[in-house]
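J.: Sequence:
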Amino acid sequence: MNNFYPYIPEFASVSDLQRNYSLLLKNLRASKKPLLILKKNDLEAVILTPDLYQKLIEKAREYEEKEALLAIKTYNKEKKEKKLKKMKTVKELFP
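One point on numbering: in full-length UniProt numbering, the residue at position 61 of the sequence shown is 61, and numbering is uninterrupted.
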């Protein structure tokens, strides 16, 4: 397991997970870093602590909210500048 950089996730193979499940979960809780599960050197799964999962969900929600607010701001600006066009059919959106 790597201890050099706190932002680098831990790695384990599927076999390690099967043999050392309890130890890997204990280390996961202690390190609070994602655990990447590899199968034949390909990423098979990612295991996160509940706290890290919640943080990621919150970041995703914040990002989506910012994007929605930006879209509304852009709409209002273009509406004010009379850049919006009325379309009669959906085909006009995708010529």
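Just so you know, the hints here were simulated from the structure itself, not pulled from any lab data. Values in this document were obtained by computation on a predicted structure and should not be read as measured data. Note that the Cβ used here is the ideal one computed from N, Cα and C, for glycine as well. Just to be clear, a hint being listed does not mean it is correct.
[As the list claims (entries may be wrong)] With beta-carbon atoms standing in for the labels, derived distance ranges: (1) I8 to K40: 34 to 40 Å; (2) N76 to S13: 50 to 56 Å; (3) A45 to L69: 49 to 55 Å; (4) T74 to Y21: 27 to 33 Å; (5) R29 to L69: 21 to 27 Å; (6) E62 to K86: 20 to 26 Å; (7) L52 to K82: 27 to 33 Å; (8) I72 to Y21: 43 to 49 Å; (9) P95 to K59: 54 to 60 Å; (10) Q54 to K88: 30 to 36 Å; (11) R29 to K80: 38 to 44 Å; (12) L52 to K88: 47 to 53 Å; (13) L25 to E64: 28 to 34 Å.
[Claimed, not checked] In silico lysine to aspartate or glutamate, DMTMM-like type, Cα no more than 25 Å apart, as pairs: (14) K26 to E44; (15) K26 to D51; (16) K33 to E58; (17) K79 to E58.
J.: Which hint numbers does the structure go against, in order from smallest to largest?
T.: 1, 3, 4, 5, 6, 7, 9, 10, 11, 17
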